[in-house]
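> Sequence:
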Amino acid sequence: MSLINTQEQQLLIDAIQRVENKTDAELVTVLARQADDYRYIPLLWASLLALLLPGAVNYYPEWLNPHQLILSQWALFIGLALLFQIPALQSRLVPRQVRHWRASNLARRQFLEQNLHHTTGETGMLIFVSEAERYVEILVDRGISARIPDAYWQGIVAQFTEQVRRGNVAKGFVECIDACGVELQRQLPATTTKNELPNHLVIL
Numbered sequence: 001m002s003l004i005n006t007q008e009q010q011l012l013i014d015a016i017q018r019v020e021n022k023t024d025a026e027l028v029t030v031l032a033r034q035a036d037d038y039r040y041i042p043l044l045w046a047s048l049l050a051l052l053l054p055g056a057v058n059y060y061p062e063w064l065n066p067h068q069l070i071l072s073q074w075a076l077f078i079g080l081a082l083l084f085q086i087p088a089l090q091s092r093l094v095p096r097q098v099r100h101w102r103a104s105n106l107a108r109r110q111f112l113e114q115n116l117h118h119t120t121g122e123t124g125m126l127i128f129v130s131e132a133e134r135y136v137e138i139l140v141d142r143g144i145s146a147r148i149p150d151a152y153w154q155g156i157v158a159q160f161t162e163q164v165r166r167g168n169v170a171k172g173f174v175e176c177i178d179a180c181g182v183e184l185q186r187q188l189p190a191t192t193t194k195n196e197l198p199n200h201l202v203i204l
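Anchor point for the sequence shown: position 193 equals 193 in full-length UniProt numbering, and the numbering is continuous, going up by one each time.
If you are wondering where the hints come from, they were derived from the structure by calculation, not from laboratory data. Nothing here was measured: the structure is a model prediction, and the numbers come from that model. Nothing false has been slipped in among the hints.
Pairwise CB distance ranges, derived in the manner of DEER restraints: (1) 142 to 100: 22 to 28 Å; (2) 198 to 97: 28 to 34 Å; (3) 96 to 7: 30 to 36 Å; (4) 95 to 115: 30 to 36 Å.
The calculated DSS-like cross-link candidates involving lysine-lysine, where the alpha carbons are at most 30 Å apart (straight line), are: (5) 171 to 194; (6) 22 to 171; (7) 22 to 194.
All C-beta atoms, glycine included, are put in the ideal place defined by N, C-alpha and C.
Work out the full structure: start from the sequences and follow the hints.
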């Protein structure tokens with residue numbers, strides 16, 4: 001993961017430990033390079049444009065006979081399907097709503113896979129980033145949401161998202177963890193010493 005090196009990962013671990021030493025929350029951080037490969041999106045665009053080809057040449061029927069038209073459609077489909085695999089083009093073809101929907105689904109899967117729903121007191125918190133989608137989400141278990149409304153995290157997420165857009169993923173993570181820790185310490189101060197989940201950054 002190009003935006004997070006070993007030294008920066010240690011900064012995240014230190015930040016998580018600072019928060020967990022002062023609160024009952026269990027923090028897990030996850031960084032995904034991309035939530036989906038979106039291979040089907042370029043194929044859909046290539047198929048659509050190939051299907052539109054007969055209409056485009058309908059005004060000039062002398063250009064292609066039926067056999068040539070079919071071959072041209074196949075050639076156009078294959079050429080566009082390959083062209084649209086270029087990452088810079090592919091990212092422009094995928095609607096933002098689709099990218100965020102896929103990233104959100106991945107965040108929820110990670111919440112379960114990292115066992116954040118099995119912590120003592122239901123105080124698990126996931127800080128999730130999908131780099132390609134520029135997507136950030138904070139998910140918390142019931143022990144935290146009962147004390148702190150979900151809307152509280154929106155401002156922190158917005159600031160972190162801006163850092164991701166600028167390429168400052170590591171800095172954004174540390175600032176986000178520290179900002180979450182302020183309210184967690186106020187609402188869920190440490191009552192016992194525990195460390196149920198790993199503090200290292202999970203990289204997908």
